[in-house]
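J.: Listed below are the residues making up each chain.
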Amino acid sequence: AQRVTQPEKLLSVFKGAPVELKCNYSYSGSPELFWYVQYSRQRLQLLLRHISRESIKGFTADLNKGETSFHLKKPFAQEEDSAMYYCALEFKAAGNKLTFGGGTRVLVKP
Amino acid sequence: DAGVTQSPTHLIKTRGQQVTLRCSPKSGHDTVSWYQQALGQGPQFIFQYYEEEERQRGNFPDRFSGHQFPNYSSELNVNALLLGDSALYLCASSLPFYEQYFGPGTRLTVT
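The listed protein sequences correspond, in order, to chains D and S. Once you know that position 74 of the first sequence is 74 in the numbering used here, the rest is easy, because the numbers rise by one and skip nothing. Once you know that position 62 of the second sequence is 1062 in the numbering used here, the rest is easy, because the numbers rise by one and skip nothing.
Be aware that a few hints might be false.
Across the chosen pairs, the derived CB separations fall in these ranges [as the list claims (entries may be wrong)]: (1) SER12(D) x ARG1063(S): 38 to 48 Å; (2) LEU1095(S) x TYR39(D): 18 to 28 Å; (3) SER1007(S) x GLN42(D): 10 to 20 Å; (4) GLN78(D) x GLN1041(S): 22 to 32 Å; (5) SER26(D) x ASP1030(S): 28 to 38 Å; (6) HIS1010(S) x ILE51(D): 30 to 40 Å; (7) GLY29(D) x SER1065(S): 20 to 30 Å; (8) GLN78(D) x SER1065(S): 42 to 52 Å; (9) GLU1052(S) x ASN64(D): 33 to 43 Å; (10) PRO1070(S) x SER12(D): 44 to 54 Å; (11) SER40(D) x LEU1011(S): 19 to 29 Å.
Hints in this document: simulated from the structure, not taken from any laboratory. The beta carbon of each residue, even a glycine, is placed where N, CA and C say it ideally should be.
Could you build all of it, start to finish, from the sequences and the hints given here?
T.: See below:
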């Protein structure tokens, strides 16, 4: 069965410092991985997906199949990055069901 | 386009009662998925509807059922409510195998 683990519940960093959110997954097939973000009082929204290999709002994430990880990184955190971040794995066998991790709250201090 | 909309916003029910939650997908989307998000946890997949049929189901009991209408809107029904059903219920819409767009959720409290 597929599983997504985010080991940190809370990450607190100062503005301008680097931030890295960890995500590990277990899945027997070929995974498609995503990072979703939820800002205060807003709905869950897609931040980035591994297949697009884009950098969104300065965030990047690299899929490491050997370590089964998909860590999210940003070199210089901004206060507006304070939010809840969820790593998710997509299971395409029958539809596009998402399996989410437990989430990491990021707090960027001024 | 208002995006995905859900109603009601909040709901309080008593154990043993039944509840119906509603979702209208983003314009042009024909696939609706439902997720349960308990406090402090990530969303958990309940089921997905496409062409008015349940296409995939997560690990939820039969007390959880759904429906999709010809206009692609959807309902989630939960029977015989338990205290543990208290959660935020999220609806997401998409085209098949494309990005899912989430609604604001319905907060269900079971007392």
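J.: Hint says 18 to 28 Å; check whether the CB-CB distance for LEU1095(S) and TYR39(D) agrees.
T.: At roughly 25 Å between Cβ atoms, TYR39(D) and LEU1095(S) fall inside 18 to 28 Å, so the hint holds.
J.: Using the beta carbons of GLN78(D) and GLN1041(S), state whether their distance is inside 22 to 32 Å or not.
T.: holds (27 Å)
J.: Could you tell me whether the CB distance from SER40(D) to LEU1011(S) stays inside 19 to 29 Å?
T.: Holds: the Cβ-Cβ distance is about 22 Å, inside 19 to 29 Å.
J.: Is it true that the C-beta distance of GLN78(D) to SER1065(S) lies inside 42 to 52 Å, as the hint says?
T.: holds (44 Å)
J.: Assuming the hint says 28 to 38 Å, is it satisfied by the Cβ distance from SER26(D) to ASP1030(S) or not?
T.: Taking Cβ atoms as reference, SER26(D) and ASP1030(S) lie about 31 Å apart, which means the hint holds.
J.: Within 20 to 30 Å or not, the Cβ separation of GLY29(D) and SER1065(S)?
T.: Once the Cβ atoms are compared, 28 Å apart, the range 20 to 30 Å for SER1065(S) and GLY29(D) holds.
J.: Given the range 44 to 54 Å, decide if the beta-carbon distance of PRO1070(S) to SER12(D) lies inside it.
T.: Distance hint for PRO1070(S), SER12(D) holds at roughly 49 Å.
J.: Quick check on a hinted range of 30 to 40 Å for HIS1010(S) and ILE51(D), using CB atoms only.
T.: This hint holds: roughly 37 Å between Cβ atoms.
J.: Per the hint of 10 to 20 Å, is the separation of the Cβ atoms of SER1007(S) and GLN42(D) within bounds?
T.: Cβ of SER1007(S) to Cβ of GLN42(D): about 18 Å, so the range 10 to 20 Å holds.
J.: Is 38 to 48 Å respected by the C-beta to C-beta distance linking SER12(D) and ARG1063(S)?
T.: holds (40 Å)
J.: Can the suggested window of 33 to 43 Å be confirmed for the beta-carbon pair GLU1052(S) and ASN64(D)?
T.: holds (40 Å)
Of the numbered hints stated above, none is contradicted by the structure.
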